[in-house]
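Peer 1: Please model the complete structure; the sequences and the hints are all you need to start from.
Protein chains: 2
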Amino acid sequence: MSADSFYNPSRMSNFALLKDLIQPAKTKIVLLVMDGLGGLPRASDDQTELEAAHTPNLDRLAREGCLGQHYPVDVGITSGSGPGHLGLFGYDPIHYEIGRGVLEAVGIGFPLTGRDVCARGNFCSLDAQGNISDRRAGRIPTSTCEALVKKINAANIKVADGVEIFVEPVQDYRFVVVMRGDGLQANIDETDPQRTGVPPLTALARDAASERTAALFNSWIKQATAVIANDHPANGMTLRGFASDPALPKYKDVYGLNAGVIAVYPMYRGVSSLVGMDVIPHHAHSVAEEFETAATVWNDYDFLFIHVKYTDSRGEDGNFDAKAKVIEEVDAALPGLMGLKPDVLVVTGDHSTPSQLKAHSWHPVPLMIWAPATVRRDRSESFGERACAHGGLGTIHAADIMPLALAHAGRLAKYGA
Amino acid sequence: MSADSFYNPSRMSNFALLKDLIQPAKTKIVLLVMDGLGGLPRASDDQTELEAAHTPNLDRLAREGCLGQHYPVDVGITSGSGPGHLGLFGYDPIHYEIGRGVLEAVGIGFPLTGRDVCARGNFCSLDAQGNISDRRAGRIPTSTCEALVKKINAANIKVADGVEIFVEPVQDYRFVVVMRGDGLQANIDETDPQRTGVPPLTALARDAASERTAALFNSWIKQATAVIANDHPANGMTLRGFASDPALPKYKDVYGLNAGVIAVYPMYRGVSSLVGMDVIPHHAHSVAEEFETAATVWNDYDFLFIHVKYTDSRGEDGNFDAKAKVIEEVDAALPGLMGLKPDVLVVTGDHSTPSQLKAHSWHPVPLMIWAPATVRRDRSESFGERACAHGGLGTIHAADIMPLALAHAGRLAKYGA
Chain E
2 MSADSFYNPS
12 RMSNFALLKD
22 LIQPAKTKIV
32 LLVMDGLGGL
42 PRASDDQTEL
52 EAAHTPNLDR
62 LAREGCLGQH
72 YPVDVGITSG
82 SGPGHLGLFG
92 YDPIHYEIGR
102 GVLEAVGIGF
112 PLTGRDVCAR
122 GNFCSLDAQG
132 NISDRRAGRI
142 PTSTCEALVK
152 KINAANIKVA
162 DGVEIFVEPV
172 QDYRFVVVMR
182 GDGLQANIDE
192 TDPQRTGVPP
202 LTALARDAAS
212 ERTAALFNSW
222 IKQATAVIAN
232 DHPANGMTLR
242 GFASDPALPK
252 YKDVYGLNAG
262 VIAVYPMYRG
272 VSSLVGMDVI
282 PHHAHSVAEE
292 FETAATVWND
302 YDFLFIHVKY
312 TDSRGEDGNF
322 DAKAKVIEEV
332 DAALPGLMGL
342 KPDVLVVTGD
352 HSTPSQLKAH
362 SWHPVPLMIW
372 APATVRRDRS
382 ESFGERACAH
392 GGLGTIHAAD
402 IMPLALAHAG
412 RLAKYGA
Chain C
2 MSADSFYNPS
12 RMSNFALLKD
22 LIQPAKTKIV
32 LLVMDGLGGL
42 PRASDDQTEL
52 EAAHTPNLDR
62 LAREGCLGQH
72 YPVDVGITSG
82 SGPGHLGLFG
92 YDPIHYEIGR
102 GVLEAVGIGF
112 PLTGRDVCAR
122 GNFCSLDAQG
132 NISDRRAGRI
142 PTSTCEALVK
152 KINAANIKVA
162 DGVEIFVEPV
172 QDYRFVVVMR
182 GDGLQANIDE
192 TDPQRTGVPP
202 LTALARDAAS
212 ERTAALFNSW
222 IKQATAVIAN
232 DHPANGMTLR
242 GFASDPALPK
252 YKDVYGLNAG
262 VIAVYPMYRG
272 VSSLVGMDVI
282 PHHAHSVAEE
292 FETAATVWND
302 YDFLFIHVKY
312 TDSRGEDGNF
322 DAKAKVIEEV
332 DAALPGLMGL
342 KPDVLVVTGD
352 HSTPSQLKAH
362 SWHPVPLMIW
372 APATVRRDRS
382 ESFGERACAH
392 GGLGTIHAAD
402 IMPLALAHAG
412 RLAKYGA
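Chain order of the listed sequences is E and C.
Those letters in the first sequence? Residues 2 to 418, by our numbering.
Those letters in the second sequence? Residues 2 to 418, by our numbering.
Misleading hints may appear alongside valid ones.
One copy or two, it doesn't matter: identical chains are merged, so the pair holds either way.
Said to hold, decoys possible - Taking lysine-lysine and the DSS-like style, the derived pairs with C-alpha atoms no more than 30 Å apart in a straight line are: (1) Lys223 <-> Lys359; (2) Lys415 <-> Lys359; (3) Lys29 <-> Lys251; (4) Lys342 <-> Lys359; (5) Lys415 <-> Lys251; (6) Lys342 <-> Lys415; (7) Lys310 <-> Lys223; (8) Lys20 <-> Lys342.
Bear in mind the hints are in silico, worked out from the structure with no lab data behind them.
No experiment lies behind these values; they were computed from the predicted model shown.
Peer 2: Set out below in structure tokens:
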């Protein structure tokens, strides 16, 4: 028996068990995620970004609540934002892989269906012999990408009866193509040869069931490439990450929750929609505006996931002070959220992004559960990494968070007599 | 998919995932294991051996690093040294059983191959009717065991063309026999009837594939017993724990690490060699000499496992002060190791051996990760059981340690986008 076939540790919620225990309640849960929240202490005062930030509201909630820390995917594993959020939502990110084509599509807010196969596209430069001379077409600006996509869409390319094609620009030289029809399958090799001096590859099916889809994509690639053949520098394309909707279990089914997401970045709305959250339309830019959006839909949902992006962005910039400032912005806006009187508030991150590392990291993520009716206060004095390491929840996996939130919300019955 | 079939938490490293994430680096990792490190507080001052020991160097590393505690096999399970080390190496000790014959063979430093079947042997006393009168031959001393093995080896017993046989003394009445050849299989019942007054059993194959090997062992037993038939009190033998190399995944393959072991006791070299570590030859007796050995091979390895035996031995002796003294010896020698400038140092044990219990125990094991570039300091003031229980790493499984070490060494890429 190989290690591969044996290893199957699940970090996901035990959905079968939860389904048996779920009971209705009128309580409301808020999952407030500061992306990349976890940090490292700086040398000057041994404080992390979260510890250094002035956060009287979060600190009050920490005194009233219970702290802990979580590993989003597993101990030692640095998580991307996609897997990190799946973990927070209670889905094992190793078991439930979201293909890159799907991540790209949901990342731009494309409304996927179960009949879709998505691929990420790169515009590239081809020489007179049809060989790739630049895999990224000189990193054309997004506006050029948009113009190329518009031209391709205007050509109204057909590949087969009953098959629709959607092409959308993403950023720079990147676009996404979605093919919709019955029986499409995504087990297809990429067409990017990963080097120059050779032509793009033909899309090859890795199994018999995907052969028709591969042929349809090859037909589309040929026609779409003809449309842009005289453009410069982008006169060709490669497709990668063929994938279809992973058909994740839905929040309503596994948790009995009517859930919505408030996020500024499309990628987070996309991942949330894959687990069945409603994407709540809004024009929010600031955290305060996100909380105002929550107020407008407060009566419509049992569960709101509110995503704050810029903690991660400033961490990746390597800007300790700016990351701390985003945390302070959240703290200052918090009364707007608490005024809605959630029954359970979870405050955490999807992974750590220490500004010292300018990157995601594997360090455990601070976690707070606030639930005035039922929480076992742990005598924490403030919300920070070291307080969380000593917190009453201990060190857990991200997938443990949803059952905890449901329990505090009175939504889980007793197991056994 | 049912939750039941999916839910199967394993305590081993996710080798398949790690393989995808492993990236090369020039960093060096040291795993320093004080065997049986964990202890219990004594009544007089409520200090454990580790806490009572004067350890200025370990305490400084604790202030600079991050502490935690680990369970070698699982919560509540008292681990032997073999499983404890497999856990530290990231291999689920419940899944990867090292057959007792193999443990006995690697325990005496026998260089196993994939064509070997090993068995533990006991010399016993047989009466005139050929029934066992003493299963341990009056616990003969090792010197008698050695003489018997020498006599058997001198007889140059043959069982089949192309099959080699190696017999080695172990200790007291115990020896090991290794049969080497093509197609040998170890699924064979022991020949020890576990009682006196009956003859040794015939080696019986438990499957068809092992029948030939069982017959060869029976042939060998018959001939070897004839060689010692007139000896006293050991004039017979039983064989147990038939086993072959468990073919563990190797460090190079699963972690991308060029690894070596420095250990005074052969058993630890043996277990390490089973996971692909180079056994580094040395004449070290003291911890300082083990560290000097590390210096001589420092440029040759990415990973060094250094094993300190006597913490466990003194714990098993029930000698609190002597165990603390071994810890102090390690502490005093540490500057020699730190002078080599490892990027990541892990200090821990393979299990607890509280001197009050004079035995291995199930208590969690103190753990320290020191990695100046990336560690989240947790404000620990010293290295000890209670500090570790409050440490920033939380309470984890032994198999989580290797992914953490790899992450701190910059050897794991991000998982997912």
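Peer 1: So, for every hint listed, does it hold in this structure?
Peer 2: Hint by hint, here is what the structure shows:
1. Lys223 <-> Lys359: Result: close neither inside a copy nor across copies, 41 Å intra and 70 Å inter.
2. Lys415 <-> Lys359: between (44 Å within a copy, 13 Å between copies)
3. Lys29 <-> Lys251: For Lys29 and Lys251, the Cα distance is within 30 Å only inside one copy (18 Å; across copies 44 Å).
4. Lys342 <-> Lys359: For Lys342 and Lys359, the Cα distance is within 30 Å only across copies (24 Å; inside one copy 36 Å).
5. Lys415 <-> Lys251: Both ways: Lys415 and Lys251 sit 23 Å apart in one copy and 26 Å across, limit 30 Å.
6. Lys342 <-> Lys415: within (26 Å within a copy, 37 Å between copies)
7. Lys310 <-> Lys223: neither (39 Å within a copy, 68 Å between copies)
8. Lys20 <-> Lys342: within (27 Å within a copy, 46 Å between copies)
The structure is inconsistent with the numbered hints 1 and 7, although it conforms to all the rest.
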